[in-house]
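Trainee: Let chain A serve as the given structure and place chain B on it in line with the hints.
Next come the chains, spelled out residue by residue.
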Amino acid sequence: MTEMSVRIGDLVLANPVMPASGTFAEGLALAADLDALGALVTKTITRELRAGNPLPRVAETPGGMLNAIGIPSKGVPYFLEHTLPALRAFAPPLVVSISAPTAEGFAALAAEVSVPGVAAIEANISCPNIEEDGRAFAMRAESTEAVIRRLRAATALPLWAKLTPNTGDVPEVARAAEAAGADALVVANTILAMSVDLATFRPRLGNVMGGLSGPAIKPIVLRQVYQCARAVRLPVIGCGGIATAEDAAEYMVAGATAVQVGTATFLHPGAMEAVIEGLARFCAGRGIARVADLTGAIRREEADEAEIEWAEVASLEPGP
Amino acid sequence: MADPSPRPVAALRAEVLSHAPLNAEYRHLVLRAGAPASGARPGQFFQLLCPAPPGEAPFLRRPMSLYGADPAGDTVEFLYKVTGAGTRGLATLAAGEALDILGPLGHGFSLDPAWRSVVAVGRGAGLATLAPIARAARAAGIGVTAVLSARRPELVVSEDLFRAEGARVITVTDQEGTSGPAHVERLLRGLVAEGAADAFLTCGSARLLRVQQRLGREFGIPGQVALEQQMACGLGMCFCCVRDFNEDGGIVHKRVCWDGPVFDMREAVA
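Note that the protein sequences, when read in sequence, are chains A and B.
Mapping to full-length UniProt numbering: the first sequence position 96 is 96, numbers consecutive.
Mapping to full-length UniProt numbering: the second sequence position 90 is 90, numbers consecutive.
Chain A extracted, bound-state conformation (with noise of 0.2 Å):
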């Protein structure tokens, strides 16, 4: 019987599989069992009421899809009470993702969902489909800390900061996200993408622009994750391309503490139970006792073998 709990900061979840945002709504629960999860995760709620991106918001690519939907959010008061007391229903610690265009809108957003069934704040600081040219904070380090620094200030649940892909130093970004006082990140959201439609020379998009998600990206996050694990002491949730129990395990192994599974489930109600079960196998087939073992276990010495590889590679060259 694997061990399946993990701890993030603070908060021990029963198994390190959950939703990511976006992805999840109550009505999973017609297809799926929410309370065998280790958290839920809700879509972004913004203070502003939004009606989203304009449609196409969805498309298909080769391993994925691509979505501008553009965080249609009906505002706090309905959140709290409607959102909020479907959610509470179900077991799984709740975590509320918020988004703001200014850091004084997240801290102000963080102190109005800080409220008894809320577990913990998952700062949406990397949404590609709200700001003008998919910008979002965390494609820099100063902007990170900022928003951070207003938010740790704002709120005494845990704070998790959900960081971008599209950013060439995202180790920069991460260490930024720790030193403002966040206690996980999330790595990461979408990569900011397009598709040409050849028939009638059209976005696919009607945002033009939007997020790729789905098994074409994981190779991409999963190294994130690796280079944020090793760049701070935070616990890391992978997210990008999670489909199956090897891919969490994959996650897990480069240095995830836990992992969300998103457009996986858009496929696949029962995706992330069969994540849970599956990595349960995975340790348990190993004689791994404890699924958070698998955290960060990556070996990175040079094998014997590779050695030997050289050297008959060497033994080809031509001789002097």
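Keep in mind that the hints were calculated from the coordinates and are not lab data.
A short list of chain B residues far from chain A (calculated; beta carbon distances all over 12 Å):
1. Pro54
2. Arg116
3. Leu155
If you want a taste of the chain B side facing chain A, the calculated C-beta under 8 Å gives, among others:
4. Ala11
5. Pro58
6. Leu60
7. Arg61
8. Ala232
9. Leu235
10. Met237
11. Cys238
12. His253
Cβ-Cβ distance ranges computed for the label pairs, FRET-style:
13. B:Ala52 / A:Arg281: 22 to 32 Å
14. B:Arg13 / A:Pro219: 28 to 38 Å
15. B:Ala24 / A:Arg281: 43 to 53 Å
It should be emphasised that the depicted structure is a prediction, and the values quoted were computed from it without experimental measurement.
Positions of the beta carbon are idealized from the N, C-alpha and C atoms, including for glycine.
Mentor: What follows is chain B alone, placed relative to chain A:
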């Protein structure tokens, strides 16, 4: 699985019982699928994980409205036209092969037991969506007049099915010059006058929806419309399938997969 209680929606592997062209455009797919799929109600839909056709790889599931469901025979039926990578893949399925279907999804048509006689108005692919109403209405003791519209007479689908369930069928086609909204409006006004229209149930044509909305307002007749939209999740999570609706004097977005796909005709923006 940790939770043994049955869920109203399930992804399951259904077996292809038969799969054949119905006419020049539509193909008829019959699957063996137990509960909850076979308990699907008229107007509900499924998300199909279509196999990859040669050279293509559809990533997302494809929404498809129910053509027929029989809990006693454990069957679910779909009627579709090949239009893209998903349906091209679907068309490759042979009897005996498996198809992963997720459903039943969404809110279907609701038949008011107080109705004595309803009018079903459909066009094109919407005819398949309306088809299951025939049996459900008969079971509820409600008479049906089906006004079925297509480009050509041989493309009218569901006609036999409606007749077999005792419905009166009127077909209108572009080829015969009978499918225009003005002509259909005259037909519908006749049905209203004879007391055959306690409600309108419709799918497949914005023009015909507008006619029914107008008549509905004029005569105080309720109506329901099944709408389509591109979808990703089918469970109300991704918000990609929103459309505009009239609500309290303003325009609001609703999710076709979650709030519909069948809506009150009055709120639909045609």
